[in-house]
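Asker: Dock chains E, A and L against chain R, hints included.
The chain contents come next:
There are 4 protein chains.
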Amino acid sequence: MIALVVNGARPDALEAAQTAAQRLQGRRIEVTICVLDHVNHDEVASALGHLEAEVYVSLGGDGTFLRTARRAHEMDRPVLGVNFGRVGYLLNEISVPLDEVVAATLAGEVPLERRAGLEVRFEGHGSEFALNELSVEKTVPGHVVRVAASVDGELLLTYAADGLLLATPTGSTAYNLSAGGPVLAPHLDSFVLTPVAPHLVVDRSVVLGGDQHVDLEVVGERPVVLVLDGRTVATLEPGAQLSVRRHPRWLNVVSATERHMGRRLRESLRQGHE
Amino acid sequence: MIALVVNGARPDALEAAQTAAQRLQGRRIEVTICVLDHVNHDEVASALGHLEAEVYVSLGGDGTFLRTARRAHEMDRPVLGVNFGRVGYLLNEISVPLDEVVAATLAGEVPLERRAGLEVRFEGHGSEFALNELSVEKTVPGHVVRVAASVDGELLLTYAADGLLLATPTGSTAYNLSAGGPVLAPHLDSFVLTPVAPHLVVDRSVVLGGDQHVDLEVVGERPVVLVLDGRTVATLEPGAQLSVRRHPRWLNVVSATERHMGRRLRESLRQGHE
Amino acid sequence: MIALVVNGARPDALEAAQTAAQRLQGRRIEVTICVLDHVNHDEVASALGHLEAEVYVSLGGDGTFLRTARRAHEMDRPVLGVNFGRVGYLLNEISVPLDEVVAATLAGEVPLERRAGLEVRFEGHGSEFALNELSVEKTVPGHVVRVAASVDGELLLTYAADGLLLATPTGSTAYNLSAGGPVLAPHLDSFVLTPVAPHLVVDRSVVLGGDQHVDLEVVGERPVVLVLDGRTVATLEPGAQLSVRRHPRWLNVVSATERHMGRRLRESLRQGHE
Amino acid sequence: MIALVVNGARPDALEAAQTAAQRLQGRRIEVTICVLDHVNHDEVASALGHLEAEVYVSLGGDGTFLRTARRAHEMDRPVLGVNFGRVGYLLNEISVPLDEVVAATLAGEVPLERRAGLEVRFEGHGSEFALNELSVEKTVPGHVVRVAASVDGELLLTYAADGLLLATPTGSTAYNLSAGGPVLAPHLDSFVLTPVAPHLVVDRSVVLGGDQHVDLEVVGERPVVLVLDGRTVATLEPGAQLSVRRHPRWLNVVSATERHMGRRLRESLRQGHE
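Just so you know, the protein sequences line up as chains R, E, A and L, in that order. If you're matching positions, the first sequence starts at 1 in the numbering used here and goes up one per residue. If you're matching positions, the second sequence starts at 1 in the numbering used here and goes up one per residue. If you're matching positions, the third sequence starts at 1 in the numbering used here and goes up one per residue. If you're matching positions, the fourth sequence starts at 1 in the numbering used here and goes up one per residue.
So here's chain R without its partners, still in its complex pose (with noise of 0.2 Å):
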């Protein structure tokens, strides 16, 4: 079985996804299509939820690929994102019909390449997943949120300011990038502690390797937002705390076209000046 996880806001993507479903039921490979919109969107998240595949294939921008590869992370399945959006850094400019790509992939002729994803524990909740970024934001405008990091169990820094984030070597590109982070290589197993707008305090960036793990306490008076990927996932309270770690399961990606980091970081700096 493969998915086709569709951003139904594109008609181009949709099609795609129509042609390449007849002709993989050609080659007698089941297929479902999902269909992301935001009308019915809880119904659609049941329904990614549940999806079992061999392979899952994203067909839209950014947002697409990040929902297709948490399940597909969870259901520990390759991911193939074919990129109908704008920036896209994981995703694949495919020149030959999809379904063929498909194909050698169900076969096993085209490479995986492995990403490190976050794993974070906060109380109430079990493990999840991030392949971007983890953000911690303020919740009232104009005021600051206080978060003290800790790397190891040993206090880095307390930052006041708009927010924290942690983000994946995937995720270093997106939000890190805008917050003045640097960019990392995309197979390192490591990740990056950067805050955004930090308040009287070190603005540079720290670099953890993917055997250290990091915990962030809430310490100000006011609550603030953890965010996965965009997602908003929960309200912590002062004096919350959450543990973060690279995520032991790693995502595969199909690697179906090759990507050179140099040309899609210029690609895209080029973008914000059109």
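Since the hints were derived computationally from the structure, they do not count as laboratory data. Please note that a few of the clues may not be correct.
[Said to hold, decoys possible] Under 10 Å between C-beta atoms, here's a sample of chain E residues computed to sit facing chain R:
(1) Met1
(2) Gln22
(3) Asp99
(4) Gly142
(5) His143
(6) Ala161
(7) Asp162
(8) Ser178
C-beta atoms are modelled at their ideal positions from N, C-alpha and C, and glycine is treated no differently.
Answerer: What follows is chains E, A and L alone, placed relative to chain R:
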């Protein structure tokens, strides 16, 4: 009439206000004490909004000062800040009795410094005043705001960012500094545009003159909040426009003690790493 | 008399100069052409330093313009920059014949923009002029310079850095921007202090008013070089002092075409990522 | 044999070395003292370059440590840094007599930390070692260097900048931090590429893995200087190429006292604002 505006959470400020009030009455100078607390917020705001005085004295930190200054500016009267907070660029560490400073101010014997504020206009509102900064901020965690900034009617840049702020020289050492902006000498007739965590666009600040005006337009699909000096003032829907210029009426700040820009800057930077 | 100052390495600039000279002579306007090359550097500098003209026209890039502007400023005459280079904030892309622009300038029919420059004084020298920036830089690779910066006689900060620069609004988009400084609106009567790679100290810029003066003192054990608009002017020994203020004489720049700050900024930012 | 390498400008370091030497001889451990001074620089460098010892002990600041570590790395022996300088990330504040620490090190009772260095190769030279960083820097004030950086054979970015540096985790808190780069956890098998004052190009750092290699090519018209750990090593002409990777031999550092990353970071940041 002298208005003493006090941070109710600071017993030392309250005591100082009461002592000063007694001694001012001994000098036959009328005094009103207005205590700011978080419980009766609306009631207090209303009281503060009707205070009529010749000199407004703030006893507290930056928050108390900003609220007092707003009323003083509205009435075109001088404001004197006495520091009972942490960092206070505009505040005085006063070593002589407060009533002496106030009496000298009434007698015109203490120098006044004029400070630039911002005048903000948007549909359905009259003119609003900000002493530190105006910021437009995201309403939904995990999503940027999209704001087009024009200077004197010409598009400068369209920002996708966590927020965008316009700070006065007085506010340049507050939120603007956290967001990476420059310090502006306090007396300048200038203001500065600084993005917070801008996505794929230049992150440098732009310094403008007091003779220029800035229009901000919400161009994304999500509303933004408008924050003036830390107070949320409005939610702006997509398409909304803000017009900002240096306020035609300057704020007069009583300069009871010398404030060296260099020493203040170094002190506050050190605080961040304690 | 019109002076045409040409970058000798640009055949298109040379040709344009010759065409313009012929046509200006046809209008009975006297012309001198001064060709800048790298071979006879001293000779050329001397010739440029004696050029007397009513209007100085630069045909080349930023380097040619800076040299021409310096002479025009010295003679208190307007300068017109015609762009044959890459990035040129102050330069014009001229679509009508150059002789028309020059004739119109002589007739007072083209607007002039005034631009602030810096006046630099140090022991053993008279006053020097800089249109873009002054920088003090390290002389020995691998070692910082130590420079104490005072504003209006009060110590601001002591920098240990690769360098320290003071830029005008015109220069704010040049070296200052590379070093992380803000863009200043071109007409401002301000200048900005920006450190390059400062060690263990705030890296934010400080924007000052045209009414303020800055003193720099070399406090380390190593000499520094003083660079004005890219020209090395002197080596300053430990203990040496520089005094800098906005130059009392403004530079008049012929504004032959409109220069939108926003468009120029976006264009030059895109160039960096090609 | 124990080598004590001492900063000759620090009388307290000299005295500590002599005391330790006496006490070590009392323990029948052979000792050589090598005093670094600025007068007989070549002679000292030659002596240091021939020192053969089982453990190399540095008594001084970062400069002394870097020179001692280079020899220790060459001989594949551990190095112990005793701090007599200002900031010392790798240095120990030792509270027990030094001879005890050395004897315990010889007995294998003190833990060693391994640190990544850089191996630099360029035409006409064998392999060079850097513990902190490699930098290529401009030779002429007022002019940028142009350097193309490739990662694993693929072009990343071409920089026009004051300089470009590759720093190890150990060096990430030195020049790299000044230039805006991130802090890397000390034990990581990574290094970071950071430009200094880049012109019209992204200023973010790029973090690479110990399995990657970087090629730098001088693409401008001017030579650059190559600096390793603060020492100027060569002038590189246009067209010259450098090949850099994590050095295959790690440096072993004696870890006599605990070094908390967070505390060290906060301490050194505070120093900058004193």
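Asker: Indicate, hint by hint, whether the structure satisfies it.
Answerer: Tested hints:
1. Taking 10 Å as the C-beta contact cut-off toward chain R, the hint placing Met1(E) at the interface is violated, the least distance being around 31 Å.
2. Contact between Gln22(E) and chain R, as hinted, is not supported at the beta carbon level, the nearest pair being about 33 Å apart and thus beyond 10 Å.
3. Among the interface hints, the one on Asp99(E) is violated; its C-beta lies about 33 Å from the nearest C-beta in chain R, farther than the 10 Å criterion.
4. At its closest, the beta carbon of Gly142(E) sits 4 Å from a beta carbon of chain R; the interface hint therefore holds under the 10 Å criterion.
5. Contact between His143(E) and chain R, as hinted, is supported at the beta carbon level, the nearest pair being about 7 Å apart and thus within 10 Å.
6. Given hint, Ala161(E) at the interface with chain R, holds; its Cβ is 7 Å from that chain's nearest Cβ, closer than 10 Å.
7. With its C-beta approaching chain R no nearer than about 6 Å, Asp162(E) sits inside the 10 Å limit, and its interface hint holds.
8. A distance limit of 10 Å between C-beta atoms decides the matter here; for Ser178(E) the minimum to chain R is near 4 Å, and the interface restraint holds.
Violated hints for the displayed structure, listed by number in ascending order: 1, 2, 3.
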